[in-house]
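S.K.: Chain residues, written in single-letter form:
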Amino acid sequence: MQSSLKKEQAPLKSSGLFSWLTDNTLTGMARRKALMGYLFVLPTMLGLLIFVIGPVLVSFGLSFFDWDIIGEAKFVGPKNYSRLVDDPVVLTSFRNTAVFVLVAVGFQMTLSLLLALAIQQKRMRTWARYLFRSIFFLPLLTSGATISIVLAYMFQREFGPINYYLGQIGISRISWLNSSQWSLITVALTYVWHQLGFTLIVFIGGLGNISREVQDAADVDGATGAFRLWFITLPLLSPTLLFAAVVGIINALQVFSEPFVMTKGGPGDSSRTVVMMICQAAFPNLEVGYGSAITVILFAVIMAVTGLQFYLSKRWVYYQ
Amino acid sequence: MAVYSNSAKKRDWKQYISSRLGFWFGILLLVLLGIIVLAPLAWALSSSLRNPREAFKLPPDWLPLNPDWSNYGKVFEQIPYATYLWNSIFVCSVTIAGQLVTATMASGQRYYILVHPGNPDDTNSSDYHSCFCTYEQATFGGYPCVADSASHRYSLWHFPATSIFLADSQRI
Amino acid sequence: MSDHKRKPYSRRKFLRVAGIGVVGAASLAACGDATSTTAPAVTTAPVAATTAAAGTTAATSATTAAAGTTPASATTVAGGTTAPAVISGQGKSIKVAVLGDQTAAGRRQPLIAPFIAKYPGATVEIMPVAGATWDEYFNKLLAMKAAGNIPDVIYVATEGTQLFASKGLAEPLDEYVKKDKAALTSYFSDVHPALVEAMMYEGNLYQLPFDWNGANLYYNTAMFAEAGYSEVGADWTKDKFYEVAKKVSKKDAVYGYQWVNRVWGSWSSWMFTNNSNLLVEEKAPGGEWLWSTFYPNDVAAKNRGGGWRWTAAKANDAANVEALDFMNQLYKEGISPSIELGSGATLQGIFSAGKIAMTQAGGFWVATLKAQGMAKGSYDVALMPKWKTQRHHFGTAGYVISKDSKNKELAWEWLKYLTTTDAMNNELTLKELRATPVRRSLMNEARYGTDGPKNWKIFYDTLDKYPDTSPIPAPPSYLQMRNTFTKYTGLAMAGEQTPKAALDAMQKELEPLFKK
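Residue numbers (the numbering used here), protein chains in the order written: chain A, 1 to 320; chain B, 1001 to 1172; chain C, 2001 to 2516.
These aren't lab readings, by the way, just hints derived from the structure by calculation. Since we're looking at a predicted model, the values are computed, not measured. We treat Cβ as the ideally placed atom computed from N, Cα and C, and that holds for glycine. Check before you lean on any hint, since a few could be wrong.
[What the hints assert, rightly or not] Non-contacting residues of chain C with respect to chain B, defined by C-beta distances greater than 10 Å in every case (computed): (1) Gln2102; (2) Ala2147; (3) Asp2180; (4) Ala2353; (5) Arg2440; (6) Asp2451; (7) Lys2454; (8) Ser2477; (9) Lys2500.
[Stated by the list, open to error] Label-pair restraints from in silico Cβ distances: (10) Gln1099/B <-> Asn251/A: 18 to 24 Å; (11) Ile1096/B <-> Phe256/A: 51 to 57 Å; (12) Tyr1016/B <-> Leu141/A: 26 to 32 Å; (13) Ile1096/B <-> Asn2444/C: 54 to 60 Å; (14) Ala2130/C <-> Gln168/A: 36 to 42 Å; (15) Lys2332/C <-> Val89/A: 36 to 42 Å; (16) Ile1017/B <-> Asn251/A: 38 to 44 Å; (17) Asn2444/C <-> Ile1089/B: 47 to 53 Å; (18) Ile1096/B <-> Val305/A: 26 to 32 Å; (19) Val89/A <-> Asp2298/C: 44 to 50 Å; (20) Ala2501/C <-> Ile1017/B: 57 to 63 Å; (21) Asn2444/C <-> Gly61/A: 57 to 63 Å; (22) Gln1099/B <-> Leu131/A: 57 to 63 Å; (23) Gly167/A <-> Asn2444/C: 45 to 51 Å.
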């Protein structure tokens, strides 16, 4: 009797979109659940679409046009790209940026790793750990442009304190900002000074995640010093290292405020970076299409470098 | 009942020295770099308390003997600093709140707050004191923000009607 | 601990919480607005609401103005204006963009009340646009134009006059000036024609000069006295200058001479005194209507045309190479420190700290040196030393009416109002001494006697006594020209290229800018 009752209670069915949503069936429930899922993700997706993907697409499109902001945009096809390839200043800026990334990220990762290891030592008191962590985090709280102004004064050849103290220990004056050899390095030093705290915190977090058991086992087995660092700590730290490297390189490839404020491109073009070229193309040269073409190339470079890093990471990153 | 052979003694002695050395070398590195890192900030701070003329002296005066506080007053006179500050705070808070909400929504995960008051007898300072965690992490052990679960025993209380867990631990 | 049975966070609960959150954010936004989140605008909206007597409006505007400005002297304004207001400003508003930060806007606040008194119902909003140099300022304005909200009136300096005029951003003022001849005669008679000519382009006038700065020599009297010199004499030549600079310099401690890598007030002074220029100069035809109307008997107005034309580059002219060689020599001999890019703010600090003896600057330094603590008498000013000639250069600035403005009449009234003595005195008040006023009558003892340098008279003498004084080269392609100029100057002064090679390269890069 009951089974016949169930059979008669056929599920309600209506047609169209309304039914698609309100069907009182299992599939109806599944659809509603799925819809809620999509709605929950919607704000993030909308934000991404409007503020990230949208401008990127517009940029890609603009690179095929000639636009001087005041007038109309004219379609010119791949002219901007062919011009880009022949432009010595743009090529120099790419080379400068590559050197900058190597120097800055290299310094940044090495220094922060050393500092993180020093801070996380067993013998370090808690108050000392917090103290040093805060000290190295302070530069991150300043804005890149402001600190560039301060450091530009400090690096000044005749009147800056840095050359003064170097003179006290017998090193002759270095023309930090006014020579082609040093300008890029000086800018890299400023950048590293600024970003050190971030990588440091990341590494401290990574080091803290190495479980106590492994460390205790290492102690018992007599692994110490360099052996321990190379064979135990670093492999366990490798995911963090990868993260820091990827983020660090992406940020360094887009450096702008430090070179712009300190040297405006340095004597000649020695500290001109790619993003500076993009800015220069827009203002004052009023060639937005050209700037967009440079942006597209930079985007491709960043994608390629990041992809390469992830590919290589399969070799040296050890996931638990 | 440890039996130390001669070579073991030598190895221990060397290890002792090298770990001590390592420690002090680390301290040296930290202090040196700390000074270098703080120097520009210290210079900026001491210049802010001085007339521009004196700020450019060589060698620089790191400690302002006669602090001149008028520069700070001038900042508020010359720019609507309070307004800018408020703007930054507002933008920051709304952005973070918005991101938290949308990111959490997108991840579909419900988060709890786990508070761990820390242990007086535990000198392992990689213990944090509170964190976000999922329900499973909180109730089934392996807390993400408390280390050494093997050597500690944890008890958990849940504040009713909230998303807050309180953890307490004891060394076994 | 048995919470497994607890329901998942229900949709209803979430929406409730989200709703509260949104309301909370909105209320935060509301209280943000109350403290005016639109930071740049210094509006006079509360003032405009009252159409009461000038006295009360001035009082209210004084209290709403930024701290540190002098209260408007409303009662003296009535004496300064010309005919009573015939234009009603009802419902009209103009946005005035000025270079600088909030102080720049605040200093101009006292100007608004008397203007609004004449045109009741109008609103004037002064919008500071920040920038360390003029080109950053122009870049921002171009961006505003792209966004479609360019202000009605824009403060533009020589560097941008031809840029704005040639790109159709500025409205020619010829018809307005011809209409209001009577009101402007006293103004033009008080302003040297060189300043007016700098604001013309292809026969049309685009701005009425408001303030200007000639590149004069500032020197530290204490350092001079130590080396045995009393002052920079009027008869100084380039060789005497070199001798003194050398004597005053002490190796690695103090330097005789420094300059900033820019177009105005850099080694450009030496280009001019060596009877050369970065670009080839010409005068555009036209402009007779202005010269014959306002300067009928003025010797200084003879041979002036419709504005300057810089038709080609001559960066590597022999005289220019000689000038840059001289600068390089000073650097190599330790008389000049390394040359920086910039606007001269650090230069001021270093000058007031007594580390350099001489540099070029304009009248606008008087106020800032005083603020930095330089006592009266510790520095003085002089004309540039004579080389082949003693030709000086200057930059001037005034307001431009945007072609896109919807209230051009009111904007013109603002320009006219600013030519009056009271307006000029209001902005560049005796306390502020920020820039050099274009009116000869205002360059007086009252302005510079108490706090200024002893030889302040040379400021206007630069124009009056030297008829060939001209503006800095500022063609429509000024922004690119400036970048090229500073880039190769920097290379030469860093010792990485010889002056000749640097100027040759500069010439090569400048030439395409003038191919029309």
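S.K.: With reference to the structure, classify each hint as holding or not holding.
M.R.: Hints, one by one, checked against the model:
A Cβ of chain B approaches the Cβ of glutamine 2102/C within 10 Å, the least distance being about 5 Å, so the stated non-interface status is violated. Residue placement check: alanine 2147/C keeps its beta carbon more than 10 Å from all beta carbons of chain B (closest about 20 Å). Look at aspartate 2180/C: its CB is around 36 Å from the nearest CB on chain B, clear of 10 Å, so calling it non-interface holds up. Residue-level check failed: alanine 2353/C sits 4 Å from the nearest beta carbon of chain B, not beyond 10 Å.
The beta carbon of arginine 2440/C is kept farther than 10 Å from every beta carbon of chain B, the shortest such distance being approximately 31 Å. Residue placement check: aspartate 2451/C keeps its beta carbon more than 10 Å from all beta carbons of chain B (closest about 16 Å). With a closest Cβ-Cβ approach of about 20 Å to chain B, lysine 2454/C is found to remain outside the 10 Å limit, as its non-interface label requires. At the 10 Å boundary, the C-beta of serine 2477/C stays outside the reach of chain B, the nearest C-beta of that chain being 33 Å off.
Lysine 2500/C, annotated as away from the interface, keeps every beta carbon of chain B farther than 10 Å; the closest lies near 34 Å. Our hint of 18 to 24 Å for glutamine 1099/B and asparagine 251/A holds, since their Cβ atoms are close to 19 Å apart. Between isoleucine 1096/B and phenylalanine 256/A the C-beta distance comes to about 25 Å, which lies outside the given range of 51 to 57 Å. For tyrosine 1016/B and leucine 141/A, the Cβ-Cβ distance of about 40 Å falls outside the hinted range of 26 to 32 Å, so the restraint is violated.
Roughly 57 Å separates the CB atoms of isoleucine 1096/B and asparagine 2444/C, a value that falls within the hinted 54 to 60 Å. Between alanine 2130/C and glutamine 168/A, the C-beta spacing of about 38 Å keeps the proposed range 36 to 42 Å intact. Between lysine 2332/C and valine 89/A the beta carbon distance is about 28 Å. The supplied range of 36 to 42 Å is therefore violated. Roughly 41 Å separates the CB atoms of isoleucine 1017/B and asparagine 251/A, a value that falls within the hinted 38 to 44 Å.
Asparagine 2444/C and isoleucine 1089/B have their C-beta atoms about 48 Å apart, which keeps the hinted 47 to 53 Å range intact. Roughly 30 Å separates the CB atoms of isoleucine 1096/B and valine 305/A, a value that falls within the hinted 26 to 32 Å. Look at valine 89/A against aspartate 2298/C: about 48 Å separates their beta carbons, and that is inside 44 to 50 Å. A hinted range of 57 to 63 Å for the beta carbons of alanine 2501/C and isoleucine 1017/B is consistent with their spacing of about 60 Å.
Against the hinted window of 57 to 63 Å, the Cβ-Cβ separation of asparagine 2444/C and glycine 61/A comes to about 60 Å, which satisfies the hint. Range check, glutamine 1099/B to leucine 131/A: Cβ separation about 31 Å, and the 57 to 63 Å hint is violated. Range check, glycine 167/A to asparagine 2444/C: about 48 Å between beta-carbon atoms, so the 45 to 51 Å window is met.
Violated hints, listed in ascending order, are 1, 4, 11, 12, 15 and 22; each of the other numbered hints is respected by the structure.
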